[in-house]
Amino acid sequence: MRAPTGAPVTREHGLELLREMLRIRCFEDRCYQLYGQMKIRGFLHLYNGEEAVAVGAMRALRPSDAIVSTYREHGHAIARGIAMSKVMAELYGKQTGCSRGRGGSMHLFDASKRFYGGNAIVAGGLPIAVGLALAQKLQRESDISVCFFGDGAVAEGEFHESLNLASLWQLPALFLCENNLYAMGTALERAQSETDIAARARAYRIDAAAVDGMDVFAVEESVRGAAERIRHSGGPALLEMRTYRFRAHSMFDPQLYRDKAEIEAWQKKGPIITLTTRLKALGLMTEDDYQRLEREASAEVESAVQFAESSPWEPVEDLERFVYAERRA
Amino acid sequence: MTYRDAVREGIRDAMRTDPRVFLMGEDVGRYGGSYAVSRGLLEEFGPERIRDAPLSESAFVGAGIGAALGGLRPIVEVMTVNFSLLALDQIMNNAATLSHMSGGQVSVPVVIRLATGAGRQLAAQHSHSLEGWYAHIPGLRIAVPSTIDDARFMLAAALACPDPVLLFEHLYLYNMEGDLTPGLERVDLDHAAIRRGGRDVTLITYGWSLHKCLAAAEDLAKEGVEAEVLDLRTLRPLDDAAIMLSVRRTRRAVIVDEGWRSGSLSAEITTRIVEQAFYDLDAPVARVCTVEAPVPYAKHLEDAALPSPARISSAVRAVVTGSGAH
Ligand SMILES: Cc1ncc(C[n+]2csc(CCOP(=O)(O)OP(=O)(O)O)c2C)c(N)n1
Ligand SMILES: [Mg+2]
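Chains as they are written, first to last, in the numbering used here: chain U, 6 to 334; chain D, 466 to 791.
In isolation and in its complexed conformation, chain D is listed as follows (with noise of 0.2 Å):
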């Protein structure tokens, strides 16, 4: 199946099993979901339940945390990050404060789906990747569904979560293609994980950048480096102990997030193991992110601006070496 097919199925299994869940956004409906995620559900679950909203960010995310309050379990989707920006008021002033600001009188169990990422030519409005923005609020929960388990199973997660939730869906996953692990029933929002183990460096991830990772890792090996893969999961609450534990065995770290690095989630990251983990350190830690700039439309372009598997490799080279150029 792909991911796309995974996604779906976890709406549908929601949809099927709890009557208080429903999905609402642009084109969610009649369209199909603007990357085809919720194709076909029109037909199975009805217009009252797979809810087109008008081009109306700010009004349908906040109607979907009025729904959360009123006892309902709304699968938000915002068709890309991009046009969160017009709903940011409603998911940090509201769904992020609510619960706190009450003193836990209220709790806004809203799931928020969104798709990330660049990588399409899709120019500087259309390629932002927010996530780790997000992760800077307090109040939110953010996670990142990377693998076909993840995509089938974290949603059931963030609705049994009395917390918003906002997940993730780098628009790059949605071909990919892959099995789901036999006998599987649910994951978890709390942990990161392994996706390949390895002894010399530990390659901090999520999103599409992971399966860039696992690319690098591969090419390494034949060079006889072997670099850990940790696939973050979740990133607000983030893994300090998944993180530790890694890199205390590597004693090495290179962080590799799409997102810029000024003020960053990479560099929230840099802090805690410096915090953490300090004096197990072999190498400064590197990262490879997004150059600073707009993403731009030209391929060759956009290509350079982007992690990609040979900046990665280099950049473990370098702190591999200790050549330090990274």
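With the rest of the complex left out, here is chain U (with noise of 0.2 Å):
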């Protein structure tokens, strides 16, 4: 196996991404709990078994590039770099939180990690995206955008707009398809005319292909290639990422669209699972590793929980603050 830079696979690069995989995976089962325990509420979507895209790309990224998320992005913020205990006090609703409380799980923000938030609204993410790359360009700046959406955004208009706009005008966007093989409860093949979300972007002459969104070395190797490819061309680029979601859509689902023994295979080929294993083979991480990793995610995890517990709730008498800028006197 070969890392992203063609050399072979080294035990620290290795753990790093694993242990960014357990941080997520951790977070979600966590978050899972809570939601149970009504400590969160609202809108729920895990990331569980789409870990590897959130990491990979995250990885082969600037911190000076901008990013657009979707309501499935508690992963991408996190493997932003976003404070886990900001983003838990943020599903808690409270003024510690990312987004002060207001926005929940599903508009988590961070300006500082040019994190430009998660977006409720399919598709509604993709234009946003088009103008942060249009404007990288307008500055002659060398950073880039880049839009998580997942496969259900690629039947809305807002997609085609998107791509024929950032294609048309030569916009430094990075579109990342994260094709978990259903929207909802709505299969791609029952939703889309053509699956082949990358040829739907070569269309629009777009740079554009899929990978193995289980394989976290793929993930980051295409991502860092795709970047590289915008920075210097200032084109967009596509990149189609196959991957499965192992829970339900959200906490109301009783996924009456899928049955078990297709999630069970999926399971089988997720992406911490199928990292773990090959990682030992190579030799490069044993069992004690892994379990230190997953001690240490489940630490920070529960001190994430206790800063969320012990923050204090925004007063109601902010209610209405930030509706407009606040601008400094």
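If you are wondering where the hints come from, they were derived from the structure by calculation, not from laboratory data.
Idealized CB from N, CA, C, for every residue including glycine.
Keep in mind that the hints are not guaranteed to be accurate.
To give an idea of the chain U side of the interface with chain D (calculated C-beta under 8 Å), a few residues [unchecked claim]:
| # | residue |
| --- | --- |
| 1 | Phe48 |
| 2 | Gly106 |
| 3 | Arg107 |
| 4 | Ile126 |
| 5 | Gly157 |
| 6 | Ala160 |
| 7 | Glu161 |
| 8 | Ala188 |
| 9 | Met189 |
| 10 | Thr191 |
| 11 | Glu319 |
| 12 | Glu325 |
Reconstruct the complex from the two isolated chains, following the hints.
Right under this line is the structure:
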């Protein structure tokens, strides 16, 4: 197995990727419990199974690149480096949350990390990412804009309009499709006349490829390559990450549309289990290493929960703050 | 039965009695509807008539309009009003205009069902109440089933109507339990309904707010204030006669609307009362609306943003005692 640079995988690199994926997995599993305990409310869309996409992609990007995300964005936010405690506090609706309790699970923001939010309107983030890329181009920046979106978004007009615009104006945008085969209960082939998403991007003359989204190295390598090409040429690219969500669409989904066997088959191909098996087979990691990473992740999640629990609420009097920008006097 | 069951029964009934009727929308089939309204209908009617649509609101709402032009009676489910914004062009520029713009040659008998409202901590993008906005548009009929009876029978009235009808189902009501009125077989789309009689003030409302008003009225009754609660049922056209009849009797009005107040349905109703019943009023008209901010996620903030029985009661007290602080 080779790392993105073409060099053989190192222990350090492998463990780092695994650590990041375990942090997300552990966070999501805890969120599931906390939802049951009514600590987290609203819609909650978990990322289990898709961790390799966020982790591989964020590692390949620069901190100054702009990110636009979806409502299934805990993994994106954590991999981007937003403190888990601030994400958890947001899910609790606390003042210390990364959106001061106003956004919740679907609207994590951190402008200092150029993380321009989870967006709960399917495909709603794509035009914004195009605009961020336009700003980068006009300001002669070397940064790019990255937009995460699901396979479902490909059916929306906003997807097609955004791709066309980005290509027409040659904007530095990377469209990262997380194709987990379902949009809620609608399987890809029942929603798309052409299921090859990369092919649809090519119709707009956009450089596009499909990637094994369960292979964190493949994700990292493909994103690094695409980002470099975009920085170099200025034009957009699309990557279709083939992945799968292990849990229900949201907490209200009885999953009538897919059977257990399908989920189990995908779980065997999951990003964490495959990386673990590989690293062990290469002699780069022991079971002890794995246990340690898992313990550390779970300790970090617990301290995030403690932080959220002990954080204050935003005062009700501040309800109408931030409807308009608060300019300094 | 629940409100959800009542809506489902209404759809089933329409599908059985009229072969031109079909249901189309995101996840109405396999998934069973995002609010489980259509669960079981795919098995009964098959995928041709319980038609799953991709995430393409503009296209499938427009297709519903086209299918209505073509002789069918589509029920288009837009998962929530928030996503109807992607189909606003079709609704406003096509559904609402074709009859008039064609000089009456065509009509658009499409029914669009949308979940609406806040109260489930879904944050700004999933908590809009835009029915008042839609009520701004000539050519559309806007109806809001807020009781089990209306949930069950309003759809049939909407399908019988040659115009485009938007039915707004408040997402908080789907779990509401209640019994159908025995013997009831149909309802109309023309009249508001008094849900509670009272002599001191008229609460004018619809949707989930209706139930908040009924709760507030119970509390007020303990203080000796008898509030009448008027369920608008249709927001366009508004039943002016019913509003004025009640307000002339109670001489006071409080409008309770989950929409924002600026440029709103509540502003429209206030104006009509001022235009038609000004000299019958004993107090200025008052309004309880959602605070002028996007609806926040955190529960304590969301609760504070939305109309509540407590806010309604205090608005009524101010109107009744003439303290004017509302
Ligand atoms: C415009 C719009 N329509 C409908 C919805 C309701 N909805 C939320 S998520 C979703 C499925 C989206 O699937 P996909 O894009 O594949 O993302 P995934 O959930 O699989 O990550 C739907 C239909 C929405 N949020 N926005
Ligand atoms: Mg998907």
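Status of the hints after comparison with the structure:
| no. | hint | result |
| --- | --- | --- |
| 1 | Phe48 | holds, 6 Å |
| 2 | Gly106 | holds, 4 Å |
| 3 | Arg107 | holds, 4 Å |
| 4 | Ile126 | holds, 6 Å |
| 5 | Gly157 | holds, 5 Å |
| 6 | Ala160 | holds, 4 Å |
| 7 | Glu161 | holds, 5 Å |
| 8 | Ala188 | holds, 6 Å |
| 9 | Met189 | holds, 5 Å |
| 10 | Thr191 | holds, 6 Å |
| 11 | Glu319 | holds, 6 Å |
| 12 | Glu325 | holds, 5 Å |
In the structure shown, no violation is registered for any of the earlier numbered hints.
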